[in-house]
Each structure stands twice: as C-alpha cells, then as structure tokens.
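**Q** Going line by line, the protein sequences match chains A and B.
For the first sequence, the positions run 0 to 494 when numbering that gives the first Met the number 0 is used.
For the second sequence, the positions run 0 to 494 when numbering that gives the first Met the number 0 is used.
Worth double-checking, as some hints may not be accurate.
Claimed, not checked - Dumping the calculated DSS-like pairs for lysine-lysine here, alpha-carbon to alpha-carbon at most 25 Å: (1) A:Lys33 to B:Lys285; (2) B:Lys370 to A:Lys37; (3) A:Lys285 to B:Lys25; (4) B:Lys364 to A:Lys25.
Think of the hints as simulated: they come from the structure by calculation, not from any bench.
There are 2 protein chains.
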Amino acid sequence: MNDLTISLNLKSKTPLYEQIYGYIKKEIQAGRIKSGEKLPSTRSLCRYLEISRSTVELAYEQLLSEGYVEAEACRGFFVADVRGLYRLDGSIQEYGAAGKKEKEEYLYDFTPNGVDLNSFPYNAWRKLSKESLLDDRTELFRLGETQGEYALRAAICSYLHQARGVNCAPEQIIVGAGNDYLLMLLATVIGLDHKVAFENPTYRQAYRLFRNLSYRICTVDMDSQGMDVEKLAASGADIAFVMPSHQYPLGIVMPLKRRLALLQWAGQDERRYIIEDDYDSEFRYKGKPIPALQGYDKNEKVIFIGTFSKAIAPAIRMSYLVLPKPLLEQFRKRSGFLNSTVSKVDQLIMTKFIEEGYFERHLNKTRALYKSRHDVLLSCLKSAFCQSAPPGRQNRGGSGKGGGVFKISGERAGVHLLLHVQNGMTEEELIQRAKTRGIRVYGLSEYYVEPQREPSATILLGYANMSEEKIIKAVGMLAEVWKENETLNQESCKK
Amino acid sequence: MNDLTISLNLKSKTPLYEQIYGYIKKEIQAGRIKSGEKLPSTRSLCRYLEISRSTVELAYEQLLSEGYVEAEACRGFFVADVRGLYRLDGSIQEYGAAGKKEKEEYLYDFTPNGVDLNSFPYNAWRKLSKESLLDDRTELFRLGETQGEYALRAAICSYLHQARGVNCAPEQIIVGAGNDYLLMLLATVIGLDHKVAFENPTYRQAYRLFRNLSYRICTVDMDSQGMDVEKLAASGADIAFVMPSHQYPLGIVMPLKRRLALLQWAGQDERRYIIEDDYDSEFRYKGKPIPALQGYDKNEKVIFIGTFSKAIAPAIRMSYLVLPKPLLEQFRKRSGFLNSTVSKVDQLIMTKFIEEGYFERHLNKTRALYKSRHDVLLSCLKSAFCQSAPPGRQNRGGSGKGGGVFKISGERAGVHLLLHVQNGMTEEELIQRAKTRGIRVYGLSEYYVEPQREPSATILLGYANMSEEKIIKAVGMLAEVWKENETLNQESCKK
Numbered sequence: 000m001n002d003l004t005i006s007l008n009l010k011s012k013t014p015l016y017e018q019i020y021g022y023i024k025k026e027i028q029a030g031r032i033k034s035g036e037k038l039p040s041t042r043s044l045c046r047y048l049e050i051s052r053s054t055v056e057l058a059y060e061q062l063l064s065e066g067y068v069e070a071e072a073c074r075g076f077f078v079a080d081v082r083g084l085y086r087l088d089g090s091i092q093e094y095g096a097a098g099k100k101e102k103e104e105y106l107y108d109f110t111p112n113g114v115d116l117n118s119f120p121y122n123a124w125r126k127l128s129k130e131s132l133l134d135d136r137t138e139l140f141r142l143g144e145t146q147g148e149y150a151l152r153a154a155i156c157s158y159l160h161q162a163r164g165v166n167c168a169p170e171q172i173i174v175g176a177g178n179d180y181l182l183m184l185l186a187t188v189i190g191l192d193h194k195v196a197f198e199n200p201t202y203r204q205a206y207r208l209f210r211n212l213s214y215r216i217c218t219v220d221m222d223s224q225g226m227d228v229e230k231l232a233a234s235g236a237d238i239a240f241v242m243p244s245h246q247y248p249l250g251i252v253m254p255l256k257r258r259l260a261l262l263q264w265a266g267q268d269e270r271r272y273i274i275e276d277d278y279d280s281e282f283r284y285k286g287k288p289i290p291a292l293q294g295y296d297k298n299e300k301v302i303f304i305g306t307f308s309k310a311i312a313p314a315i316r317m318s319y320l321v322l323p324k325p326l327l328e329q330f331r332k333r334s335g336f337l338n339s340t341v342s343k344v345d346q347l348i349m350t351k352f353i354e355e356g357y358f359e360r361h362l363n364k365t366r367a368l369y370k371s372r373h374d375v376l377l378s379c380l381k382s383a384f385c386q387s388a389p390p391g392r393q394n395r396g397g398s399g400k401g402g403g404v405f406k407i408s409g410e411r412a413g414v415h416l417l418l419h420v421q422n423g424m425t426e427e428e429l430i431q432r433a434k435t436r437g438i439r440v441y442g443l444s445e446y447y448v449e450p451q452r453e454p455s456a457t458i459l460l461g462y463a464n465m466s467e468e469k470i471i472k473a474v475g476m477l478a479e480v481w482k483e484n485e486t487l488n489q490e491s492c493k494k
Numbered sequence: 000m001n002d003l004t005i006s007l008n009l010k011s012k013t014p015l016y017e018q019i020y021g022y023i024k025k026e027i028q029a030g031r032i033k034s035g036e037k038l039p040s041t042r043s044l045c046r047y048l049e050i051s052r053s054t055v056e057l058a059y060e061q062l063l064s065e066g067y068v069e070a071e072a073c074r075g076f077f078v079a080d081v082r083g084l085y086r087l088d089g090s091i092q093e094y095g096a097a098g099k100k101e102k103e104e105y106l107y108d109f110t111p112n113g114v115d116l117n118s119f120p121y122n123a124w125r126k127l128s129k130e131s132l133l134d135d136r137t138e139l140f141r142l143g144e145t146q147g148e149y150a151l152r153a154a155i156c157s158y159l160h161q162a163r164g165v166n167c168a169p170e171q172i173i174v175g176a177g178n179d180y181l182l183m184l185l186a187t188v189i190g191l192d193h194k195v196a197f198e199n200p201t202y203r204q205a206y207r208l209f210r211n212l213s214y215r216i217c218t219v220d221m222d223s224q225g226m227d228v229e230k231l232a233a234s235g236a237d238i239a240f241v242m243p244s245h246q247y248p249l250g251i252v253m254p255l256k257r258r259l260a261l262l263q264w265a266g267q268d269e270r271r272y273i274i275e276d277d278y279d280s281e282f283r284y285k286g287k288p289i290p291a292l293q294g295y296d297k298n299e300k301v302i303f304i305g306t307f308s309k310a311i312a313p314a315i316r317m318s319y320l321v322l323p324k325p326l327l328e329q330f331r332k333r334s335g336f337l338n339s340t341v342s343k344v345d346q347l348i349m350t351k352f353i354e355e356g357y358f359e360r361h362l363n364k365t366r367a368l369y370k371s372r373h374d375v376l377l378s379c380l381k382s383a384f385c386q387s388a389p390p391g392r393q394n395r396g397g398s399g400k401g402g403g404v405f406k407i408s409g410e411r412a413g414v415h416l417l418l419h420v421q422n423g424m425t426e427e428e429l430i431q432r433a434k435t436r437g438i439r440v441y442g443l444s445e446y447y448v449e450p451q452r453e454p455s456a457t458i459l460l461g462y463a464n465m466s467e468e469k470i471i472k473a474v475g476m477l478a479e480v481w482k483e484n485e486t487l488n489q490e491s492c493k494k
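Bound conformation, chain A alone (with noise of 0.2 Å):
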C-alpha cells in the first residue's frame, strides 16, 4: 500500500494524529486494510499527507500500543491479526424503558431519610478530588488496605473521639462501602450462630439483612427510654442491636441510665455484644451531647457503626465499623484477606475532607439548617394542631399514649418529627388524605417488624429535603385534610 487518502480536519479538535489513527483503526477494523499488509513508511505518508512526519509517527504509535499494527525492523508496519482484540462500538443497546421506572409525582416529600443535597459541599468536594488526582500517583491505584487506609482511619478515630466521644485506635476501624455491607462483613467475623434482638420499630434495612443472612432474630419492646432490657436479658438473644443517639424511627435518644444497663447486660455473658448503629447522631437539637454508648464500654462489647452518607450525601458510599479488640482479632483471622469496597481515590478525597476542616464547616452548617427546618416544623405543627395546648408542655418527649387528638414526638434529634394523630382516622387514611393534597407523609407502622399490640395512627414527617416555605405550605395542608371532622366533634388538641 502506498497511500492513505484520509481527509483530515485541521479545524477540528481532535487533533490531526487521532484523527489519523481512528481512520486506519476503523480501515483494518473493517477488513479493508487486511492483516499482513504493508501501511506506507511514515515518511511518504507525511509527505502525502502535508503534514509533520512526528504526527504521523504518534499515530503509528497507538495503532502499535493498541495491537493493531506491528512493527517489523528495517521494514516498517504490518497490520496485525486483530482478530482478538477488543472492539467494542460504543453503540449501547437500548433496552427499553424498563430501567426507568415512573415514580409517582408528589409536590412535598416528608421522606425520612432526605439529605438536602443543595447543601453539598460542591466546590471543595470537586477542588479535593481533582487535587487527589493531579500527579500520577500510581501508588492510587494500587489495592489498598483491607481495612481501608490507615491516614482515613486515623481521621475517622479523632473525629469519633472528638464528636462522639468514642475510644479506639485507627487499627480497630473498618471502613466499608455502606452499612449493609459492613454488616454483611460483621456476619463474617462473629459467624452466624447468634440470637440478635431488634427493637420494634426498628430500622428495617438492618433487620432484613441480618434476617436474609439466616441469623436467628428476635424484637424487643421499647419504652421511653429506649429498648427494654429486661426483656432482652429474656430474649434469650446475645447480640442487641440498638440506636441509642436517636432511634429510628421513634426518635428516642437513649438515656445514660438505660445506656449503662444495656453495657451491664452485655457484661454479664462472654458471647454477648451491642451493634450500636450511630443512626443521626449528628443533628442533635436539644440537650446535652451524650457520647455514644461506645465510649462507656469498659468490657470492649460493643460494635460502633457510622456512615457519612446521611452527614454528606446519599450517594458516597462511605461507612466505619468500629471493631471491640477481641472481635478484631477474630476479623484479621476470617475476614482480613478480605478486599476493601471502597475506591482509594474516595477514601483520600475523604480524608482531605476531614483533616482540612471541610467536614466540620458541613457538619455545623447542616445542622444549622436542620435545626431552623425543625424550629419551623415543629412550631408549625403545634400552632395547626395543637393550639389550645399550654406552652411549654410540647417538650415531654412522648411515647405516643396521652389525651391529646394530636401529639409530637422525637424532635429532640434526627431529621424527622412523629405526629402521633388520634382522630379516629386510620394511618393509611391519613397517608392517603395528605396524597389528594401532592403530599407524602410516611406511617410509622410499616417500621414494625412484628405487629402493634395497639394500632397507632402515627405519621413520620422528615424535614432535611424541604424548605421552610414548602414546610409551612405543606402543613396547613394538612390541616385541612386531617381535621375535616374536627369541626363536627369539636375536640380540640389537649397536649
């Protein structure tokens, strides 16, 4: 072959030597060049093509980096047998719509679990990851430590002892690729011959999980102050699995006194450990901090699990275990040839997002931004529905039982309000009275594993996805819909 009429483009912004490339690539891909033949030296092709022999040069390069041409001494580039190599089109099937399903359309959303988003700290999540990958820093992509890097670990311990009051050493934390899957690696460590004890309502996701993953399960009642443990000591369970800085869903954060129970229990039987799950522990409104139940455990029983996709956003799949030093001993033995599951690039991301102060400025920024949502929640709902209640009265903390039509519980931390309603109006009734409306309000009951004795009509009202204007808005609406009757029987709220 002695020439290659290829019609380049010099305006345009792949540059000349791509261009020269991708055209003999697609030639030999499409047999029109055929294997063995012989491509023009780089000298006429240059001439023939009035251009620089250098450009002509680096295209001959890829085409040999890539394996389709092969260079033989003295002689020049031979098209390669490219019968095996890769080729993918690029043209991706379309598979029908069924990837995309249709969610249904509301206009206000008290989801539970939102994250305002709008508060994302863009610009320093984009500043660090660039500068995490600016130099060519092989070692990046290289596999990292099981546990995850040591430099993450040691900020996630300062953070934990400095906000949480956690104690432990980086050598005992584990980060992981979300909680669902730190406790999938947990199963591995302590096996599968135990008895955990949920409370009820709980978290469901951790219930499922440990259900699936064929561990026997038990639920435990909760009263005010948090799961029973009496009633846990007869479970019969050794493993109870708690959220003591705010219970999902109920809200409840765990008094000290109930806190040292729990620990005394777990004293009380080698075999026995806490999964405390540090569910929202960052946005707490009212009180005094109270460490985690973790910075207590004298007896090295409980297992402390955090995550900062509810502190950042949703979508960084970034958690810590924190393992007691006898369970950690155990994971090196069963599970420490384990890979990690999250990317070293995220996990230095993350840890310039500690050390240089970025999550500290986004933790307090959040919860300032929470705390007024949940002021204008939380005094909204009392002026809609509990008017006549005296001041000063709202601040029980209650466990839904009382005289009031209307009540509200769990606003001491966390991003979500309960209304516990007693209005003769069932919870789905209520839910699909506040849908007429584009409303979304979630019902407290399908957080229980096993049923209610005694049915509630509780609803679930999270605020950290929705502005003070659409709070304000939202709740008059619901008003309407939800006190329909009120006006034939005349009873007003009571608490």
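Based on the hints, put chain B in the right spot on chain A.
**A** Only chain B this time, still in chain A's reference frame:
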C-alpha cells in the same frame, strides 16, 4: 463589643472574609467571645477594618450558616450557644507506626496478581472525573439504584456481549464494590443451604469467603481441561465455582466440550448453578476467543462474575454480577433492599470510560503490553531452562506431568506462567534460592485448598508488573540459582 482587632493579611491566598470568619470562629470556640455577646455591626466593623461592608457581611453569613452566631431582627448578630457545635481540631493523633507494616523488599517481584499501573489511563480518568463533577448535579449525590445505575449496566452489558459473548439484559446486572462483596450478596440471594464445589487448586479468596459464610464446601480435581465433571457429579455439590476463561492458578482455558458438559450437569437438577468467575479473560494470547460459559447457557444456570479491578486498576473497586433470570426474581425479593456499594460519581466515570471508547483502547493497549512481556518471559524461560527442547513442542499446555526437568504451562492467557520443576529441589527451596537474588516468586502449593496427592515443585511467574529488561535479568539469575546442580547430573530439559 465595639471592635474586633483582626490583623488581616491582604497578601494571603485566604480571602479576607475567610480570615474574618476564621478569627471570630476561633475567638468564640476559645470562649474569648462569650455566648450571648453582641458582635459589632457590619457597618462599624468594615469601617474599623477599612474594608468593604460586603466582605464583613460574607464573613457573618458564614458564621451564621455554621451556627456560631444568631441574627436578631433589628438588633444585630449575637454569639450563639456553641456547646453543641462540632469542633474537630484537625490534629490527627499519632497512633504509632503500627499502621505501616514493613514489607520485605525484593528487586524483582513475579506476582501473579500484578497490574501494570504505568498503563493506567490517568489523563482520561482525570478528565472524566472532572467532567463528572463539573455541574452542580445534585442528582449525582442522591442514593442510586440498588443494582447500579442503568446507564452503566447497559454499557457493561454491551461490553460483555461484544467482548465475552455473554447474553444478558442490563436488568440482570448488579454492579458492586469488588468480587468479594458480590459473592456475599449472592449468598443472600441463593441462601446458605448449598454445597459448593471448587477446583483444586483454586482462587483462595472465593473459597475462604464461601467457607466463612458457612457453606458446605468441597473440592473437585481437575484434569488438563478443567474441573472433572464426573467427579463433580459424584461430589454431591449443587454449585460449581469455576474459572473457564483462565483457571487460576493453573492457567487452563476450558475447552468448549468441557463447558458444555458442565452446563449439562447443571441442567440435571433444579438446585444446581455454576458460578463462572471470568478471571483474566481480558488477556488471551492464543487461539480463537471462546465465549463465556454464560453465552452457551440455555437453562439459566450460570451466574457470571467479572471485575474491572484487573483490567483497569485494583483500586477501582468495581465488579459486576450477571444473574440468571430466576435468581433475579429472588434477588429482588430477598436482597433488593440493599444499597449499592459503588458511588454514583465512580459509576458515571466508568460509564463514560466505556462509552467513549477509552476502555477498548486501554484493553488493547494492556493486552499488547502483556503479550510482549509474556513472549519475552516465555522465550527467556525456554532458552534458560529448556534449551534442548525441539521448537513447537512447548504449546501443549501442560498438566505438570511428563519427562523434562523444567516444563512450562499456562501460556495461553492471563498474566502469569507456571514453571514445573523436577530437579530435586522442593518448591520452598526454589523460592528461597530466588530470594537470595532479590527475586520474589510464588509456589503453586499455596493455591491448593486440599493438599496435593503428589506434591510438585511448581513456580508461578507473573509478568504484568515486570518490564522486559527486568524479566530478562531475573530469569537469568533464576537459571543460575535453580540449575546449580545441573552440571552435576547433566540432565537437560526434555519438554
């Protein structure tokens, strides 16, 4: 308080408003400005500091947004109660050098798990990463689809179809953070009541994981074509874990006939499944490409698993599982609630990496690179250890049996070769002798999960992360230390 004497640095890279914000924040944290105290008005402070008012306003807004001060209408800014605020001092405690384990230093490392990280396409990855974070796309930080984003699954689906002959729809694909995780996930789908058969020797990672998950486990012997199907049937196992495209560590490429026999075995019982680990399928140097086992499966029996960790970089924690349709139903019912383990940003980068042709280029480039290293290693080994062997007889793909002192096998695919040695030295001795020259080599016996009946001395030589120069030098030295006795017994290599 009337004035705040803040010494501003006009030449600093830190903006003025940040300096003011930082100063006041520190004063508040240190308790030097007390809770309830009034800050100077923005007007008076800007005059005092001789800067623009908007700069001071920006600083106050920042303090406000992070909860350090509170604004009261018509009265001004007051220091808030900051006891509940996060204060991470950023100083990471030193926990001793325990995190940094000393590694033994080798000049040459023939690791069979290597990847040439110099080939990692930094520029493309950096560009795509930057693009992905370019706009403030909040969507990117919302929780994604359980199975992975649809666009990525569609891209993987096209790739698998074109490059591996896998027949599936994006609906059948689950993206996860590494093979280990996906196998754990698979366990939640199929349940624990199975007996899993592994090849012997095998990829220990998967074997140990299944054992830890409490599965009943057995091993099935291999012949030169792979897992012995008759012995598999006799083992009572209902799940077979195989690596047909390149058995690890033996390097056997399973012929079509054996693949069909395996599929037939699976078709004979409803409970039976084959897990096809498509290990190292990207790197194949000889013979026509054989489609994946999954591509021949008519009975929905093959669970296919593959990873980007080997083809791109180990720290890219991304693998994919292709479920047969009946298991897909089961996945949705039993495990569909589990959150994805890969961040959406990473998923977006990978989608672009595939769709925009970078993956194809990268695959061809690394394959060409590994092929030339493979060729160099093979010819070095032949001339160093098998000088008297007639040319053309080395391609049998050995079982390790036969007459020669040194025999090579596993040369059709992957990134390592096997050298079978019968010169009177034990495997351990061969490894130790290599070590005296700073060369790290790996013994086959560590891959046997059940002891070999006739222990052999077989060395794995990985070349992915070795330059051609290094390969030449290292093989020369290996010949010196491994052939010391040869002058004595004068027996040369027969293969």
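**Q** When the hints from earlier in the document are held up against this structure, which numbers fail?
**A** none
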